[in-house]
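Enquirer: With these hints in hand, go ahead and build the complete structure from the sequences.
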Amino acid sequence: MKNPRVELKTVYGEVLVELGADNPDIFVVEADLMKASGSKPFLENYPDRHINVGVAEQNLVGIAAGIAAAGGIPFACTMANFMAKRACDQVAMSVAYNMFNVKLVGCYAGLTQEKNGGTHISFMDIGVMRSMPGMTVLVPGDSEEFRQAVRAASVFQGPVYIRMPKLLQGSLPGKTYEFEIGPCYQYGNGNDLTVIATGLATDIALDSLQVLEEAGIAARVLHVPTIKPLDTESVIRCARETRACITIEDHATVGGLGGLIAETLTAACPVPLARIGMQDAFGLTADLEFQLEHFGITASHVAAEAIRLLDGRGQNE
Amino acid sequence: MQESVIQAAKDIRIKTFKAIHNAGGGHFGGSLSVSEILAVLYFSVMRIDPSNPKDPDRDRFIISKGHGGPALYTALALRGYFPYEDVLAGLDKPLSNFPKHVDRLKQEGIEASTGPLGQGLSIGCGMAIRFLQQKKQNRVYVLSGDGECNSGQVWEAAMTAAKYQLNNLILIIDQNNMQIDGPCDDIMPIQPLDAKFRAFGWMVRTVDGHNAEEIESVIREIQELQVDDARPAAIVAKTIKGHGISFMENRPEWHSGKITNDEYEQGIRELEGTQ
Numbered sequence: 001m002k003n004p005r006v007e008l009k010t011v012y013g014e015v016l017v018e019l020g021a022d023n024p025d026i027f028v029v030e031a032d033l034m035k036a037s038g039s040k041p042f043l044e045n046y047p048d049r050h051i052n053v054g055v056a057e058q059n060l061v062g063i064a065a066g067i068a069a070a071g072g073i074p075f076a077c078t079m080a081n082f083m084a085k086r087a088c089d090q091v092a093m094s095v096a097y098n099m100f101n102v103k104l105v106g107c108y109a110g111l112t113q114e115k116n117g118g119t120h121i122s123f124m125d126i127g128v129m130r131s132m133p134g135m136t137v138l139v140p141g142d143s144e145e146f147r148q149a150v151r152a153a154s155v156f157q158g159p160v161y162i163r164m165p166k167l168l169q170g171s172l173p174g175k176t177y178e179f180e181i182g183p184c185y186q187y188g189n190g191n192d193l194t195v196i197a198t199g200l201a202t203d204i205a206l207d208s209l210q211v212l213e214e215a216g217i218a219a220r221v222l223h224v225p226t227i228k229p230l231d232t233e234s235v236i237r238c239a240r241e242t243r244a245c246i247t248i249e250d251h252a253t254v255g256g257l258g259g260l261i262a263e264t265l266t267a268a269c270p271v272p273l274a275r276i277g278m279q280d281a282f283g284l285t286a287d288l289e290f291q292l293e294h295f296g297i298t299a300s301h302v303a304a305e306a307i308r309l310l311d312g313r314g315q316n317e
Numbered sequence: 001m002q003e004s005v006i007q008a009a010k011d012i013r014i015k016t017f018k019a020i021h022n023a024g025g026g027h028f029g030g031s032l033s034v035s036e037i038l039a040v041l042y043f044s045v046m047r048i049d050p051s052n053p054k055d056p057d058r059d060r061f062i063i064s065k066g067h068g069g070p071a072l073y074t075a076l077a078l079r080g081y082f083p084y085e086d087v088l089a090g091l092d093k094p095l096s097n098f099p100k101h102v103d104r105l106k107q108e109g110i111e112a113s114t115g116p117l118g119q120g121l122s123i124g125c126g127m128a129i130r131f132l133q134q135k136k137q138n139r140v141y142v143l144s145g146d147g148e149c150n151s152g153q154v155w156e157a158a159m160t161a162a163k164y165q166l167n168n169l170i171l172i173i174d175q176n177n178m179q180i181d182g183p184c185d186d187i188m189p190i191q192p193l194d195a196k197f198r199a200f201g202w203m204v205r206t207v208d209g210h211n212a213e214e215i216e217s218v219i220r221e222i223q224e225l226q227v228d229d230a231r232p233a234a235i236v237a238k239t240i241k242g243h244g245i246s247f248m249e250n251r252p253e254w255h256s257g258k259i260t261n262d263e264y265e266q267g268i269r270e271l272e273g274t275q
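Chain order of the listed sequences is Z and C.
Using the working numbering, the letters of the first sequence map in sequence onto residues 1 to 317.
Using the working numbering, the letters of the second sequence map in sequence onto residues 1 to 275.
Bear in mind the hints are in silico, worked out from the structure with no lab data behind them.
Check the hints yourself; a few may be wrong.
Beyond 12 Å from chain C on every Cβ pair, some chain Z residues (computed) [what the hints assert, rightly or not]:
id : residue
1  : Arg5
2  : Val102
3  : Phe156
4  : Thr232
5  : Ser234
6  : Cys269
7  : Glu293
Quick partial rundown of chain C residues pointing at chain Z, CB under 7 Å, derived from the structure [claimed, not checked]:
id : residue
8  : Pro116
9  : Ile123
10 : Cys125
11 : Met127
12 : Glu156
All C-beta atoms, glycine included, are put in the ideal place defined by N, C-alpha and C.
Expert: Below is the structure:
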C-alpha cells in the first residue's frame, strides 16, 4: 500500500522552525507566497528573521544575497517558475556569481501547480538552475527527503536550489538510506534497464518496476535527488550494467534530467536512451494525475519505451 | 573637512583616468563622476581597516553601478588595500583580478560583484537587515547611477528599505544625467529622484557631488538623524559625467570609449590643473 502524498508546506514550516531554533543565522525570505511555502510558523517564532518583500522576486533574491553577504543563512522561497525565470539574472549574478551562501527554494514546482496551469507550471527550473556555475541543485523524491535536503542545505556552504513540489509521497517504499547531497540511490538491480528518475517521478519509476517485470524486463531505478553535482559514477555504472536507460521527470526533458543524462552518457557510455517528461510544451490547466497522463509520465509509458528500446526482449525472457 | 580628502578625490580621478587609458579605454564617464563620493567614503566616513579587510565590524560599500570599478579599485589602492601599480597593470587584462565590473571573489575590499544594473541596492538592503537584526553598528553604503534607477528592482528594494526601517543604509545616487544612449531626459526621464525616494519613505538630501566637504557633512548629518529617525537615506549627488576632462564632460558618448595619447596628455594636464 502506497504512502499518501503529503503537502510539503507543512514539512518546510516544521524544518525551518527546527533550524531556526538551532541556528540564529537562519533567515527566511518570502515574496508574498508564505502561504504557499508554509514558512508562517518561522515568522511566528522568529519574526526578526522572517523578511517578506512582497511581489518582487528579483528583490527577494537580492535581499537574500545581502543577508548571506553579512553572515546570515537565508532560505528564499517563491514559486519555482518565478525563481527560475523572473529572478533568473539575480540568481545568476547576485547569488551564483558572488558565491553567496543563499538557499533558494522553488515551491509548487513542476506539475504540482496543477490547475494554476501553463502560466505557473515550472518546466525549466532544473535546467536553469543546473546551468548556473557553482549552484547545487536538489530535487527530493519524497517528503522525508525534502526535509533532509533542507537540513543538508542549511549546513552546506554555497548556493543551493531545492525543488519543492506542492505534494510528494510521504516516504518512498523500500528506502534504506538517509539523504546526503551527492549520491544517487539505487532501487533493485535488474540488468536489462535503468530507469533514472528524480522528484515525484521516482515514485512512478518505482511503480514501473512491477509493470516491467510483467513484461519480462528486469529493471532497476536510479533515483537522482542531487541533480548537481551529478553522481556520474553511479549513472555510468548503471548504464554499463544494463542495456538501456530511460529518464523520467515532471519537467522539460530539454535541460532537465533527460538532458543531463543524455549529456553524461553520450560522453561516457552511450546506450539506448529514452527521455520521458514534458516535450517542448507548457503545462496544462488540469489536476496532477491528468497532466502526468497527458505528458506520458506514467509507469505504462516507461514500459512501452522499454519494450521499444530493448526491441521487445528482456534478457530474462 | 581635511584637505587630504579633497586631495584623495583628485588623486582618485587622475589615477582612474590613467588606469582606464592604460587598459585601452573603458568607462571614463561614470568613473570620473564618482571621485569625490569615493574619497569621502573611503578617506573619511567609513569604518574600515585596509589591514583587516574581513573585519566583521567594518562598514560595507557596494558599487551597484559596477562599471565604476576602475574608480573603486583606485580608491581602494590609494587607501592601502593593494598597490595602485597592480590596478594599472591589471585592469581589464585577461584573467586579471581587476575586471572592469568588480568581482568580490577576486579582490579584497570588494563586497559584492556587480555589473548588470539595478541589483546592488537589494544586496545592500539584505546586509542592512542582517546588521539591524544582530543589533550591530555596521553601516551600509550603496552607490547607484541615475540611469540605473530605470530598473524596477531599485524601487522594489526602496520599498523594502522603508518597510524594514533600514536606518543603517545610505544610498548615494550619482546623478550625472547621462545614460548610455543619451541624456536621461531623452532615454527615460527619471526625475524628480529626490521626490520619488521621499515618496517611497526615505530621508533625502541633495548635494553637489563634486564638493567633498558638502558630501561629508550631509553624510554626518544623516548619521546623526538616523539615530532617532528609522528611515533609510538617499543622497542625490549632482555630478558631471566625465568630470574634469573638458572634451568628455556631459557627453554621453564617453560612457565608454577610447582616447588617443594626445587626448590622454590633455586630460592629465586638465586634471592636474596645469592647463
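Enquirer: If a hint holds in the structure, say so; if it doesn't, say that too.
Expert: Okay, the hints, checked on the actual structure:
1. Arg5: At roughly 35 Å from the nearest Cβ of chain C, Z:Arg5 sits farther out than 12 Å, so the non-interface label holds.
2. Val102: Z:Val102 not clear of chain C: closest Cβ-Cβ about 9 Å, inside 12 Å.
3. Phe156: 18 Å, holds
4. Thr232: 26 Å, holds
5. Ser234: 31 Å, holds
6. Cys269: 34 Å, holds
7. Glu293: 40 Å, holds
8. Pro116: Where the cut-off is 7 Å and the nearest Cβ of chain Z is about 5 Å from C:Pro116, the hint holds.
9. Ile123: With a closest approach of 4 Å, the C:Ile123 hint holds.
10. Cys125: Hint on C:Cys125: holds, closest Cβ of chain Z at ~6 Å, below 7 Å.
11. Met127: 4 Å, holds
12. Glu156: This interface hint holds because 4 Å falls under the 7 Å limit.
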